[in-house]
Amino acid sequence: MSNSLQSGTFVENLLSPRRGSASPWLTWYSVIGERIELSGRVFDNWVAKSANLLGEVFDLDEDSVVVLDLPAHWKSLVLALAALHHGATLVDAEQADAQQASVWVTAQPNDPRIPNSSEILAVNPAALALSFGSDLGPVAEDFNASVRTYGDQFYPSPVSGDTSAIATNGDAPIGLAALFDAAAKAQGTILVRAQQPVLTLLPYAIGQWKAGDGIVLVEDGLEVTERLREGERITSDYQPAG
Numbered sequence: 000m001s002n003s004l005q006s007g008t009f010v011e012n013l014l015s016p017r018r019g020s021a022s023p024w025l026t027w028y029s030v031i032g033e034r035i036e037l038s039g040r041v042f043d044n045w046v047a048k049s050a051n052l053l054g055e056v057f058d059l060d061e062d063s064v065v066v067l068d069l070p071a072h073w074k075s076l077v078l079a080l081a082a083l084h085h086g087a088t089l090v091d092a093e094q095a096d097a098q099q100a101s102v103w104v105t106a107q108p109n110d111p112r113i114p115n116s117s118e119i120l121a122v123n124p125a126a127l128a129l130s131f132g133s134d135l136g137p138v139a140e141d142f143n144a145s146v147r148t149y150g151d152q153f154y155p156s157p158v159s160g161d162t163s164a165i166a167t168n169g170d171a172p173i174g175l176a177a178l179f180d181a182a183a184k185a186q187g188t189i190l191v192r193a194q195q196p197v198l199t200l201l202p203y204a205i206g207q208w209k210a211g212d213g214i215v216l217v218e219d220g221l222e223v224t225e226r227l228r229e230g231e232r233i234t235s236d237y238q239p240a241g
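Everything in the sequence shown is counted per numbering that gives the first Met the number 0, starting at 0 for the first residue and increasing by one.
Hints are not guaranteed to be accurate.
Claimed, not checked - With a straight-line cut-off of 20 Å between C-alpha atoms, the simulated SDA-like cross-links for lysine to any residue are:
(1) K209 with A177
(2) K209 with A181
(3) K209 with D180
(4) K209 with N168
(5) K184 with P16
(6) K209 with D219
(7) K209 with G187
(8) K209 with R40
(9) K209 with D60
(10) K209 with A183
Unchecked claim - FRET-style restraints, in silico, Cβ to Cβ:
(11) R40 with A125: 14 to 24 Å
(12) R40 with A210: 14 to 24 Å
(13) A210 with A21: 11 to 21 Å
(14) S133 with S235: 11 to 21 Å
(15) R40 with A95: 30 to 40 Å
FYI, nobody ran anything at the bench for these hints, they're computed from the structure.
Quick caveat: nothing in here was measured; it's all calculated off a predicted structure.
Glycine residues also receive a C-beta, built at the ideal position from the N, C-alpha and C atoms.
With these hints in hand, go ahead and build the complete structure from the sequences.
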């Protein structure tokens, strides 16, 4: 894949083939009993709304650094792709660049690690939460309360494949073109346990989605029963490297 500007962005080229699909793209199971199934169409809708929010509230672009301080979850994967729509660089909270972040996305908006220079997007991971709740803090934007008010379609500007997409401590940055260039072999529906950081999971998830596979993401601590496997038609389990 060329590192030249992409007219539809790399995220657009990932999502558009299944934009009209009602088949599962990502299914989430939580330890409190939530099961959230997002088809290709619904997942794209969430990414579009989130990208519009990030653009309009925080003015993200290719010079923006975004701390994604959330566990692996359907909302954190949505927000990761929404930020990459703008060409922003995703970093974890321990990365040195976190102190220069434009936006800090977190479930703990009063975290003392957040620098005063960063804007804050607070995310309550509960599926039915219509607002963050009482601990939002004085300056954070409430993702849960705001995201549904944004447009269902996102019209991206071109972004460069040379732009850094992911930077985590101890690893070389991953560029946008490299992140979206790799594709896995189609395996069917993949079970993924949400034990690794979301930025570690993201390259794998993108590869599986490019291959046409759906992902069943289960929260750490949830017992995966044979009934769950059979009901979701699981064909393979993700095995993290190392």
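When the structure is checked against the list of hints, which entries are broken? Sort them ascending.
4, 6, 9, 14
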